[in-house]
Amino acid sequence: MTIPTGPRHRTSRVEARGVPAPRPDRSAPPRDDTDLERLLALVARGDQDAFEALYDKLSGPAYGLVRTVLRDPAQSEEVTQEVMLEVWRAASRFDPARGSATTWALTIAHRRAVDRVRSEAAAADREQRSAPVPAAVDDVAETVEATMDAEQVRRCLEGLTELQREAITLAYYGGYTYPQVATKLEIALGTVKTRIRDGLMRLGNCLGRSW
Amino acid sequence: MRLFSRRVHELSGAYALDALDDAERERFERHLQRCQACADDVRRMTSTATAMAMAVAAEPPPGLKERVLAAAAATPQLPPLPSATAARRRHGRRLTRSDWFPRLALGLAAAGVAAAVVLAVVTVSTQNRLSTVQAQNQQIAAVLSAPDAQIATGTSSTGGTATVVLSYAEQKMIFTSSGLPALPNAKVYELWLLSTGAAKPAGLLPQPTDGKTAPVLAAGLTSADKVGVTVEPAGGTSSPTTTPILVMTLPD
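Going line by line, the protein sequences match chains X and H.
If you're matching positions, the first sequence starts at 1 in my numbering and goes up one per residue.
If you're matching positions, the second sequence starts at 1 in my numbering and goes up one per residue.
Fair warning: there could be bad hints in the mix.
Here are the simulated lysine to aspartate or glutamate pairs, EDC-like style, with alpha carbons at most 20 Å apart [to be verified]:
(1) H:K65 <-> X:D72
(2) H:K65 <-> X:D95
(3) H:K65 <-> X:D56
(4) X:K184 <-> H:E59
(5) H:K187 <-> X:D47
(6) H:K65 <-> X:E158
(7) X:K57 <-> H:E170
Source of the hints: derived by calculation from the structure; they are not laboratory data.
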């Protein structure tokens, strides 16, 4: 299973404007994040057992995401450790009004990963590596749920225009800033901004449920 | 102004994917505070990004869990942002403190250990570490009251001193320090049990209060061990990556 990843296999930049996005998958059950929010509330009070349970639920997605951005397993492990410790440290600052517990934790993970990749040394190192961006997909945890998640995201990404998909995957999985994305795709800055925004909106509609 | 707002608004997607540089991110966050429509968009798009993250989940490396849990046990937590709930929680913590303090003191009194060390161990405990200390205080008292409890002190090459109370019978030691230089946020002091050819991670030193670090309890002590301290990236590592700033030979 592979997720489309940016411009490497690009053959044409013609956007498929006429292609309708796949219909939202309403058959998928709504994800219940309240369990995680309950755990996070306990973690905020210093409950180490709750933190262990939270680690079991979040470390796989956090590590997979960090490794997708950084590619280097050793650095990814280090950053994942920082991320999980930040979840422990800042649990009391989680605000459910701004998103789910999963989103909060994975936002921390992504931010840490891009901070690392944008530091000069790491960036230079990364340019040496030619591994395809989401190499992590190959060993996605073999749970039915994870596989369904990946399959649905892949299908919905395919429903985007090529430019939307490339801009979004380069920015999110590649950790590039939007001006870097513009340079890589040789398109105007304003175009990147709107392609990312429109593409994300469309991707959200296609996924049809919230995390 | 209107044009400016609309342009900023277009950044919501790039913001949700962390594709802004620091300066633009700050500018957009200022804008977010007064633009409910943007906040709704960002919330929705960040949730979509989460779906993309879930799709690349991978098995974390073995051993990471143990390191994270051990590091968390030694890492103080941020207090909640000021609110009514926060005030209640702080009150609750005060009660908890009065609960554990006499029990710890009792254990300490039973020990034939110098009163000065006892006081240092107790008073450097910080409010944030109370829950950890609570869980550890029985074990700390057990070390301090062990018939074979001994004290060792050492000096760091970067300034500051360390005091260790150890018991080979309990196979544990309690480590405190005073006057170690402050570290940047991305770094931490990590404690090691050193034996011939091997370094066992023994915990991270918490942030100091008044220059002193709260006691760290390390298990698995054997009579051949020395104690070392290195400076490591936040969260610690599984083996030392820098030259120790302190190595202490322990009494037999």
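So which of those numbered hints doesn't the model satisfy?
-> When the structure is compared with the hints, numbers 2, 4, 5, 6, 7 turn out to be violated.
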